[in-house]
Amino acid sequence: MESSTEARADQMQQAACFKAFLLKNSTKTNLNLYDHLVRVLARVMDERPENAVDVIEDLSREVKRNMLLEKQSTLRDAPSTTSSELLAEQQRALFNRWDRGEHEEMETPLPNVTELTFFLEQIGVGLGREEMQRILLALKQLVDMQPLQRCRFWGKILGIEGNYIVAEVEYRDGEEEEEEGVEEMHEDKEKEGEAGEEDELDPLPKSNYKPPTPVPKEPRHSGTNKFTYFVCREPGLPWVRLPDVTPAQITVARQIRKLFTGRLDAPIVSYPPFPGNEANYLRAQIARISAGTQVSPMGFYVFKEEEGEEEEEGARDSVEENPDFEGINVQEIAASPSAWVHHIQHILVQGRCVWVNLAEKTENLQEEDAEEEEKEEEPDEPEPEVGPPLLTPLSEDAEVNNTPPWSTRISSNLISQYAFAFVRSNLWPGAYAYACGKKFENIYIGWGLKFLGEDFTPALPPPPQPEYPSGPEITEALDPTLQEEEALKEAQEEQQAALEDNYAMDAEEEEEEEEEEN
Amino acid sequence: MDSSTLMYSLDLVCGNGLTLSTEQKAALHTSLLILKRNYKFNRVLFWGKILGIKKDYFIAQGVGEDEMRDRKCLYSFNCMDWHLLPLATEALTAEVAVAARGRFMGEPSHEYQHTVIRHQGEGDNAVEEEVMVKVSEEKRLAVTVFTINNEVAVVPRGAYIKSPNGIVQTNRSFEGLNPTEAGKLNNYLHFSEPKNLKKKSILELADLNPSIDFLDPLIDDIPKEIKIHQTRLCFSSLHLYSFGEPVPAVPSAFCSCLTEVEPDVVFCCCNPSTSRFNVLCILRCFFAHHNYTEWSSELL
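Here the protein sequences line up with chains U and W, keeping their order.
Just so it is clear: in the first sequence, position 387 is 387 by full-length UniProt numbering, and no numbers are missing.
Just so it is clear: in the second sequence, position 269 is 269 by full-length UniProt numbering, and no numbers are missing.
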């Protein structure tokens, strides 16, 4: 018995040893025979193929191949972040709720974009409800960050690579950061730099060209710089404040036609050269669009009444809301554009809203050194430019190429009881204004280009300047031929001979005279 | 876009500022169904709108058996009563290019007139003759719609297949382009009769799948000012703009930009603001979303 149990134990031991041998992993494939046989047999049991013994090699090979296939998929997922995911990360902040201790029940400058969306949808304009909601959230962010008194969703300017969402704001009095000091500093530095260059050893010939005096920029809170503008590319991205516009930028912006790229620092390559980059161009176009298309129903605004100075200043430049405004009948306002008025000042050819006399200014500057000259020739007093005054009806707007500048519509043709009126600008495609009861709003969604009505012709460069005045002394003449030279020589010799004769004659005469005197 | 999905697909393309009012949407929903039955179309697409000074045109397209060639255009003012547009022949296109200037008036019978001086004969016998070209706005509309379709209708590659007997049909198994593929221009094809395909060498043609690549890809377009830009609000998106600088001297063709909205949805819009047709902006969209494919366009 003992021997049999011992023998069995021995057998068991041997079996265990053999099993351990079978379980040994191959150094090449990291497989072991035991598991492989288990798999093959399990497969035979599952499939019960006919003549299993004949196909056992194939089965074995197939099982092995399947094992390998499983191992093939060890490639890791390449982490790819799409731009939309990045944008979503950035926009996440919009949806954070800022719980502040005090509940701000005070008046907020935040515009009611939801209402705007509703009205715009009725007139077939809009960016979609979701985008408008995001814009509202972005505007809230702006209002929270800046001390603003007034904020308005101005519109959206489309660009090739990105779009701009534009907010029109007004700072609370006295809380605005001043940037102008910095600019002046820059100018000073530039001047110093120029002075430094002059000290160099070999001075270059200096141009005596004097650029015409630039038209001075309009100060904050007046004219073209009445409002400050913030732009952002997408709601959730940081708001960027646009620099103030200069008259030169407006003048050039009127002569060029460029689409926006969507990058504020993109250079504007154009002729005539645009002073500044895309941020300046954007600001100039915003000023032009505002001046051309910001309209309100007649009677909503009235002129500010200032005591004392009535009639003195020809154009009054500020308006205020009319507290007695009752709203205009829809039929009346939809019938003709004369029921709408501009409430932003017209920009003059000079590039300013208020005309400034350049000649006067230069005179003052040069008074000391050029007083006499001035007396001699009094420069012609330039005619002051006058634009249409504020609150001019739209019916007075000029036509461009037989295109009426405005189209008036009504929001619904079927239910006129609840419809409201809106106007669409034909000169600035994308500019709309609606009026419903006592409310009105302006919006611009477009490419920032004015309608021309014909093909655009860019300004041609001026004719090249002559290097020197062309005259006979520098005109190249034909070389004289041999005959001509000889003829000239003969003539000269003859002259010489004649002269000599004369001299001889004179000398003789003189001698004779002397002799006579003696 | 397909009239049946107008309600929600319009939201995806209104980023350029134009949309439809609720009243118009409702009216279109009703009238396009009737239109489809009356004209026996397979499906009806809402093409877009063209803004006029007095009235706006709404354009719809009826599609028959062949998705590409068998299309008819109709216009309407009130989104209810539809009128068939005449066919745009080459002669008509030439006339319109000469005569039509300025904005659309919104009046089909409005006549554009233009006097052209034509030279006849040569040398001493040359006679200058003044010819008055007259084109009605309805014809101009037909030509404009046709030209826009011809030049900037864009579909993603694989959305349409050509059967062996030459009929173009929607590809039911098309699932849209994934974000990486959507960023490549050779995945977009002009949805009009191919013009450059036959000029390609055999080597280039070898890679093409004849049932899918029977159209011109966008990547061959001239000018090559195509920018790829990847953001649009609320959807992951991608704009491909091919409008270069507005070169004014050359009456540039309609330019296109594409937008991919979500990995599966693609649309394209175009901006021919400097074109000789003086149409200001066109928005054209293509949707390829899961199991359906459709496209839409809007013109402003």
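Honestly, the hints are just simulated from the structure, not real lab data.
Keep in mind that the hints are not guaranteed to be accurate.
Stated by the list, open to error - Below, a list of computed lysine to any residue pairs in the SDA-like style, where the Cα atoms sit at most 20 Å apart: (1) W/Lys55 / U/Val330; (2) W/Lys54 / U/Glu85; (3) W/Lys184 / U/Glu85; (4) W/Lys54 / U/Lys226; (5) U/Lys226 / U/Val400; (6) W/Lys25 / U/Tyr418; (7) W/Lys199 / W/Ser211; (8) W/Lys55 / U/Asn402; (9) W/Lys134 / U/Asn402; (10) W/Lys54 / U/Ala335; (11) W/Lys54 / U/Val400; (12) W/Lys55 / U/Glu85; (13) W/Lys54 / U/Glu332; (14) U/Lys438 / U/Ser416; (15) W/Lys25 / U/Ile415; (16) W/Lys54 / W/Ser76; (17) W/Lys134 / U/Glu332.
To be verified - DEER-style ranges, computed between Cβ atoms: (18) U/Thr213 / W/Gln120: 55 to 61 Å; (19) U/Asn66 / W/Arg37: 32 to 38 Å; (20) W/Leu208 / U/Pro461: 43 to 49 Å.
Where is the CB? At the ideal position from N, CA and C, for every residue including glycine.
Now the hints, each set against the structure:
| no. | hint | in the structure |
| --- | --- | --- |
| 1 | W/Lys55 / U/Val330 | holds (18 Å) |
| 2 | W/Lys54 / U/Glu85 | violated (44 Å) |
| 3 | W/Lys184 / U/Glu85 | holds (19 Å) |
| 4 | W/Lys54 / U/Lys226 | violated (34 Å) |
| 5 | U/Lys226 / U/Val400 | violated (27 Å) |
| 6 | W/Lys25 / U/Tyr418 | holds (18 Å) |
| 7 | W/Lys199 / W/Ser211 | holds (18 Å) |
| 8 | W/Lys55 / U/Asn402 | holds (16 Å) |
| 9 | W/Lys134 / U/Asn402 | holds (18 Å) |
| 10 | W/Lys54 / U/Ala335 | holds (12 Å) |
| 11 | W/Lys54 / U/Val400 | holds (16 Å) |
| 12 | W/Lys55 / U/Glu85 | violated (42 Å) |
| 13 | W/Lys54 / U/Glu332 | holds (17 Å) |
| 14 | U/Lys438 / U/Ser416 | holds (17 Å) |
| 15 | W/Lys25 / U/Ile415 | holds (15 Å) |
| 16 | W/Lys54 / W/Ser76 | holds (14 Å) |
| 17 | W/Lys134 / U/Glu332 | violated (36 Å) |
| 18 | U/Thr213 / W/Gln120: 55 to 61 Å | holds (57 Å) |
| 19 | U/Asn66 / W/Arg37: 32 to 38 Å | violated (57 Å) |
| 20 | W/Leu208 / U/Pro461: 43 to 49 Å | holds (47 Å) |
Comparing the model with each numbered hint stated earlier shows that hints 2, 4, 5, 12, 17 and 19 do not hold.
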